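The primary structure of each chain is shown beneath.
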Amino acid sequence: MKLESKIPEGAIGDKWTKHKFNVKLVNPANKRKYDVIVVGTGLAGASAAASLGELGYNVKAFCFQDSPRRAHSIAAQGGINAAKNYQNDGDSVFRLFYDTVKGGDYRAREANVHRLAEVSVNIIDQCVAQGVPFAREYGGLLANRSFGGAQVSRTFYAKGQTGQQLLLGAYSALSRQIKNGKVEMHNRTEMLDLVMVDGKARGIITRDLITGKIERHSAHAVVLATGGYGNVFFLSTNAMGSNATAAWRAHKKGALMANPCYTQIHPTCIPVSGDHQSKLTLMSESLRNDGRVWVPKDAAKAKGLSAKDAANIPDSERDYYLERRYPAFGNLVPRDVASRNAKMVCDEGRGVGTTGLAVFLDFSDAIKRDGKKVVEAKYGNLFDMYKQITGDNPYEMPMMIYPAVHYTMGGLWVDYNLMTNVDGCYAIGEANFSDHGANRLGASALMQGLADGYFVLPYTIGDYLAKMPYERVSTDHAAFEEAEKAVKDKINTLLNIKGSQTVDDFHKKLGKIMWEYCGMARNEAGLKKAKGMIRELREEFWEDVNVLGSNEELNMSLEKANRVADFLELGELMVDDALNRDESCGGHFREEHQTEEGEAKRNDEKFAYVGAWEFQGVEKDEVLHKEELVFENVKLTQRSYK
Amino acid sequence: MSDELFFQFIAKKLITIKKMNLTLKVWRQKNVNDKGGFQTYQVSDISEDMSFLEMFDVLNEDLARKGEDPIHFDHDCREGICGMCSMYINGRPHGPKQKITTCQLHMRSFKDGDTITVEPWRAGAFPVIKDLVVDRSAFDRIIQAGGYVNVNTGGTPDANEIPIPKTVADEAMDAATCIGCGACVAACKNASAMLFVAAKVSQLALLPQGQVERKTRAENMVAQMDAEGFGACTNTGACSAECPKGISLTTIARLNREYFSAKASSENV
Ligand SMILES: Cc1cc2nc3c(=O)[nH]c(=O)nc-3n(C[C@H](O)[C@H](O)[C@H](O)COP(=O)(O)OP(=O)(O)OC[C@H]3O[C@@H](n4cnc5c(N)ncnc54)[C@H](O)[C@@H]3O)c2cc1C
Ligand code: SF4
Ligand code: FES
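Chains as they are written, first to last, in the working numbering: chain U, 1 to 642; chain V, 1 to 269.
The hints are simulated quantities; they were obtained by calculation from the structure and are not laboratory data. From a predicted model like this one, the values you see are computed outputs, not experimental measurements. Every residue gets a Cβ at the ideal spot worked out from N, C-alpha and C, and that includes glycine. Keep in mind that a hint or two might mislead.
Unchecked claim - Simulated crosslink set (DSS-like; lysine-lysine; CA at most 30 Å straight-line):
| # | chain 1 | residue 1 | chain 2 | residue 2 |
| --- | --- | --- | --- | --- |
| 1 | U | 387 | V | 19 |
| 2 | U | 2 | U | 252 |
| 3 | V | 30 | U | 490 |
| 4 | U | 308 | V | 99 |
| 5 | V | 35 | U | 498 |
| 6 | U | 387 | V | 25 |
| 7 | U | 508 | V | 66 |
| 8 | V | 66 | U | 512 |
| 9 | U | 560 | V | 30 |
| 10 | U | 498 | U | 253 |
| 11 | V | 215 | U | 179 |
| 12 | U | 560 | V | 35 |
| 13 | V | 66 | V | 30 |
| 14 | U | 560 | V | 25 |
To be verified - Far from chain V, by Cβ distances over 10 Å, these chain U residues were calculated:
| # | residue |
| --- | --- |
| 15 | 9 |
| 16 | 15 |
| 17 | 214 |
| 18 | 253 |
| 19 | 344 |
| 20 | 376 |
| 21 | 423 |
| 22 | 462 |
| 23 | 485 |
| 24 | 533 |
| 25 | 596 |
| 26 | 637 |
If we strip away everything but chain U, and leave its shape as in the complex, we get (with noise of 0.2 Å):
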């Protein structure tokens, strides 16, 4: 198989110009004989139905959530990035651009995150026009922040709640073309199949989660906006739900898996307090523009330091070490960089708290000097938030944090048509690989997920539909029989197991096997140890989960157990692709591959390319497909931030 991303001919800024011209069009009048599937409505998802609906194609959207304004995206906190250079300190799309492949290690693909650097500027416009209430100056014009290894002010937001306020302004525009009919939302509903027909995809199966009906859907193309995976490692920043079963289903229907192994750990995290932890809760990273992370120099000082204790530690004695080791960007270098820091310091023995594995995240200096009422206006919100959980008063003392899973850069393999390997069906926003390489920058992921759906993928799925037949394919079609007996019988095989173990004691332990050797730092011992325990523990599952109740009702039990099979797969794919990735990159550090100084060390000769994995059986090992990169504009360097 030969991997085609389709990148246009031309120099880099203008490829996406000559593409949108290039690409061809349907007519206004039969954009309505195409039906598409959009499965998510997160802000991918949300903001592609809504546009192709606009454009006049059916769409059909699915969530598995009681109401498309409840998608993970409502979380995200901190902001969108946008290369508006409102503030006149030199940034530029070029800029932006530059910063996210050098963000990204130099693992994404050049022409994707330009485009999204173009972009960018409009889905502000958009946002905006829709009642988007961003944060403002006194004169009225909106307001930036720097964010996570950016040296501009770049990012707009909304409070500490932008992912919020984005996805409710897609939500709204998705809700205006379901009034108006061009949409049919299908709420509480879980896709869990994709089905071909004559090597194209055409339609999906799902399952309506309250009566447990499995149902037949067939359209011209489907598009799938389903999120990341974060949650193979059960404890995640990501919400309850989120999940990987609609991409990994398409992947066993063909579509090639892009660099499973890449994932984001982000440093501002509350630490874990105790076994019964479902989730982690991330601190968002804007934060650290006022906060200072430090540790006690000490190790003896530092054990079991709370933080109502830290006053006591005076600041000759405190380790600033991120303002220490990188001067020029201090508490602002990029998550992976941060993250490892964290983990270094901790391993040091030099963690607080009563586990040790915290540091401190302190603002009485911002608040001396900018006063409390300005640190509330900025962070409010969040302070209230950690106080919840903790117990403990930012405003009085540190906060507390560890890094966290948050994010997965990889995802389905897609050409710069954001079309998979599988003909006529798309991924966009977080279920894709493509624009943030081997760690992604903060406030580009609501950047990219817009930038798919608004801008992106309503041009370039116009390019597919027009060369393709109105007709509709018929849900009796004998594809569609077999992919619905494929999902009842999985469900039967699931629902008559009845071990003695549940599904969150499999998803445990599972996360448990990531955590510990496919997590912040990783070697060749511990991935090949934890590929074989995976497979054992994914073979205890299919014999020993107890599933219960029954198909026909709504059964979290059930919905997890597919998600966790799932998981169960997945997990060793990423595995796979950290054995394969013998070098150390972003978010993907390999211990035998760093600097004397502890950094990722890249191997650009060998690995400046895209590892695309296709399935070839549960118990078989993946075919690993490269999309090698170039690199045209940005110079490969080794990244610093000193």
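Assemble the complex: chain U is given as a structure, and chain V with the ligands must be docked to it using the hints.
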């Protein structure tokens, strides 16, 4: 510390932290047609660091091990922002503390030996689907009736073309923080959805982008609210008091002004 050590450590720590034993009276209802009723459960060894939903996770794992159907409840983000969680705890939506959602409630708000009663949202417009899960799709239909600006993707003016005073933007933002949870309806003796509707109408009425359709929006959304069977507003203020996002009663005053001035010069012809 390796993770292995860490988990052992945590296990030890948990033994030293004081644990609570609680009695839960939980509404169980098989489906929309079932009559439903309360069931009593005992939970033990609950740590105060747990969230309320994590306490339910513990109970559900116990039930599952005994082969009993776990208690179904809605939840997703567990951070107080998706609006999915919705438990009526000891007679109050989202429990005893103000300005938080069920998922943000922690067990340190309870004491050893407490009996806690947990019910679903009760409102005619929110039928119970199962146990503590209700159908809130009426809210979606209210938004579909007009909770948006009629603008297509693309061709919008530059974002800085229309300056908006910071105070106005901030007020719009305060209204926009509604998470659509429905606690306002559950708190109201009339099961009115006024606060939810008022929040969206206010956000858009405050911003320049919302001006053009200001009148039709208020009218259409209120009409849909009525059609869904939500009750009338008698200004008890219970909604705002229980709203996890602190949506202010002034939004209701604004909605009333918007609605009556719209009615007076209706563009819905
Ligand atoms: C706590 C937190 C804070 C963040 N903060 C920021 C930030 O400040 N800035 C930033 O840029 N990024 C941030 N991110 C990342 C960003 O929020 C996500 O990457 C992004 O929102 C993903 O959007 P999406 O549309 O791709 O997917 P999601 O929002 O995850 O939506 C997935 C959709 O797919 C549906 N779905 C999934 N599977 C199925 C299925 N099988 N069948 C049917 N439907 C399905 C779901 O119902 C949902 O509607 C943050 C992430 C987290 C966790
Ligand atoms: S107004 Fe408050 S209580 Fe009502 S739905 Fe919105 S957030 Fe929930
Ligand atoms: S689970 Fe999202 S608000 Fe409670």
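Now the hints, each set against the structure:
About 21 Å separates the Cα atoms of residue 387 (chain U) and residue 19 (chain V), which keeps this hinted pair within 30 Å; it holds. Restraint check for residue 2 (chain U) and residue 252 (chain U): satisfied, since their Cα atoms lie roughly 18 Å apart, inside the 30 Å limit. At most 30 Å may separate the alpha-carbon atoms for a hinted pair to count; residue 30 (chain V) and residue 490 (chain U) meet this at roughly 24 Å. For a cut-off of 30 Å, the pair hint linking residue 308 (chain U) to residue 99 (chain V) stands: about 25 Å separates their Cα positions.
About 29 Å separates the Cα atoms of residue 35 (chain V) and residue 498 (chain U), which keeps this hinted pair within 30 Å; it holds. Of the supplied pair hints, the one linking residue 387 (chain U) and residue 25 (chain V) holds, its CA atoms being roughly 29 Å apart against a limit of 30 Å. About 19 Å separates the Cα atoms of residue 508 (chain U) and residue 66 (chain V), which keeps this hinted pair within 30 Å; it holds. The straight-line distance between the Cα atoms of residue 66 (chain V) and residue 512 (chain U) is roughly 25 Å, inside the 30 Å bound, and the hint therefore holds.
For the suggested pair residue 560 (chain U) and residue 30 (chain V), the alpha carbons sit about 19 Å apart, so the restraint of at most 30 Å is met. Between the alpha carbons of residue 498 (chain U) and residue 253 (chain U) the distance comes to roughly 28 Å, so the proposed pair stays at or under 30 Å and holds. Distance hint between residue 215 (chain V) and residue 179 (chain U) is fulfilled; the C-alpha atoms sit about 18 Å from each other, no more than 30 Å. Distance restraint check for residue 560 (chain U) and residue 35 (chain V): the Cα-Cα separation of roughly 27 Å lies within the 30 Å cut-off, and the hinted pair is therefore satisfied.
Taken as a hint, the residue 66 (chain V) and residue 30 (chain V) pair is honoured in the structure, with Cα atoms around 18 Å apart against an allowance of 30 Å. For the hint linking residue 560 (chain U) to residue 25 (chain V), the alpha-carbon distance of about 26 Å falls within 30 Å, and the restraint holds. Non-interface call for residue 9 (chain U) relative to chain V: holds, since the shortest CB-CB distance, roughly 25 Å, exceeds 10 Å. Residue placement check: residue 15 (chain U) keeps its beta carbon more than 10 Å from all beta carbons of chain V (closest about 19 Å).
Once the 10 Å rule is applied to beta carbons, residue 214 (chain U) is consistent with being away from chain V; the minimum gap is 18 Å. Annotated as non-interface, residue 253 (chain U) keeps its C-beta farther than 10 Å from every C-beta of chain V; the closest such distance is 27 Å. Taking the minimum C-beta to C-beta distance to chain V, about 13 Å, the non-interface status of residue 344 (chain U) holds against the 10 Å cut. Non-interface call for residue 376 (chain U) relative to chain V: holds, since the shortest CB-CB distance, roughly 13 Å, exceeds 10 Å.
No beta-carbon of chain V is positioned within 10 Å of the beta-carbon of residue 423 (chain U); the least distance is around 25 Å. For residue 462 (chain U), the non-interface assignment is confirmed: its Cβ lies about 13 Å from the closest Cβ of chain V, beyond the 10 Å cut-off. Non-interface status of residue 485 (chain U) relative to chain V is upheld: no Cβ of that chain comes within 10 Å, the nearest being about 27 Å off. The claim that residue 533 (chain U) is not at the interface with chain V holds, since no C-beta of that chain comes within 10 Å of its own (minimum 13 Å).
Non-interface status of residue 596 (chain U) relative to chain V is upheld: no Cβ of that chain comes within 10 Å, the nearest being about 25 Å off. No beta-carbon of chain V is positioned within 10 Å of the beta-carbon of residue 637 (chain U); the least distance is around 34 Å.
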